[in-house]
Structures are given as structure tokens and as C-alpha cells.
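Novice: Sequence:
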Amino acid sequence: MKYTFAAILAIFMLKLSAQEKHFPKDENGKFIYYKVVDSQVLAKAILLERAKNFVSTVNKKSMSLITSTDTSVLAKGKLIIDKTILVAGHPSGELNYNFVFEVKDGKYRYWLTDFEYIPYQRDRYGNFVATTTIGTPLE
92 MKYTFAAILA
102 IFMLKLSAQE
112 KHFPKDENGK
122 FIYYKVVDSQ
132 VLAKAILLER
142 AKNFVSTVNK
152 KSMSLITSTD
162 TSVLAKGKLI
172 IDKTILVAGH
182 PSGELNYNFV
192 FEVKDGKYRY
202 WLTDFEYIPY
212 QRDRYGNFVA
222 TTTIGTPLE
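Residue numbers (my numbering): 92 to 230.
These are calculated hints, taken from the structure and not from any lab test.
Only a predicted model underlies this, so the values are computations on that prediction, with no experimental measurement involved.
For glycine and all other residues, C-beta sits at the position ideal for the given N, C-alpha and C.
The reader is advised that the hints may include incorrect statements.
[To be verified] Pairwise CB distance ranges, derived in the manner of DEER restraints: (1) 212 / 135: 43 to 51 Å; (2) 179 / 135: 17 to 25 Å; (3) 176 / 147: 34 to 42 Å; (4) 172 / 196: 34 to 42 Å; (5) 159 / 217: 35 to 43 Å.
Sequences and hints are given; from them, build the entire structure.
Specialist: Structural data, given as C-alpha cells:
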């Protein structure tokens, strides 16, 4: 009885360990989030205007517009990662990334790439600040 229970438990452990999520990588080995969306309803100009509005107005604090052409938008973004224990929380680092949006008639695509992590630590005044200005590439 003990051995059958141990065998069943071992089988379930193997099944659970096989459920890891693997992040997609591009041809250079960098992590990437890529999506192509078919949008036959909206025109190219409207999609491009919405992308510019998303970067410059909606995400004003976390994203900054780098370049904008008649078919694409390129922006740099930053995401603060918080570490929370019960009620008290503090930032543990920031994640920098590039956001690219391209549009054609009837469809658009966007991707997030060039992820870099910058760890935070407490300074002598008790504030959490970046330990360095150079990020560690997540590859």
C-alpha cells in the first residue's frame, strides 16, 4: 500500500513539473512577445493614431515615444516590479523594454523585446533606488 501511494505521488510530481511555461525567443535568443492582429474594421490611420495615443497619453509615465512614422511607432517602456509581503511592499527592480507597433491596411502587429532588469536596493536615506544605470539583459 505504501509503495503504490508513493508511485502515484511520483507520477503526479512528474506531471506537475512538465507544466512549465517557456517564453518565446526570437532568432537572436532574446525574449520577445509578438502578436499579429487582423483588423478589417479600422483604417490604417485610425490604428496608428490609437497607438500614438496609447504611448503618449495612456501610458505617459511608463512609456516614452522614440520615433513615429506613417506606418510604425517605436517606444521605450519601464515596469516597476514590486515585492509585497502581506501589507508592506517595496520595489525590487525595474524592467525596461522596447515596444514596436507596425500597421498595414487590414492588420497590425506589435512586439515587446530587449528586456533589461535593473535591481533596486535601499540607499542610506531609506529610499529604494536603482543599483546601477546599466540593465542586465534577460536572455
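Novice: Go ahead and decide if the range 35 to 43 Å is satisfied by the Cβ distance of residue 159 to residue 217.
Specialist: holds, 40 Å
Novice: Taking the CB of residue 176 and the CB of residue 147, does the distance hold inside 34 to 42 Å?
Specialist: holds, 35 Å
Novice: Is the gap between the beta carbons of residue 172 and residue 196 within 34 to 42 Å?
Specialist: The hint (34 to 42 Å, Cβ to Cβ) holds, given that residue 172 and residue 196 are roughly 38 Å apart.
Novice: Verify the CB-CB distance for residue 179 and residue 135 against the hinted window 17 to 25 Å.
Specialist: violated, 48 Å
Novice: For the pair residue 212 and residue 135, does the Cβ-Cβ distance stay inside 43 to 51 Å?
Specialist: Given range 43 to 51 Å: holds, Cβ gap about 46 Å.
The structure is inconsistent with hint 2 alone, although it conforms to all the rest.
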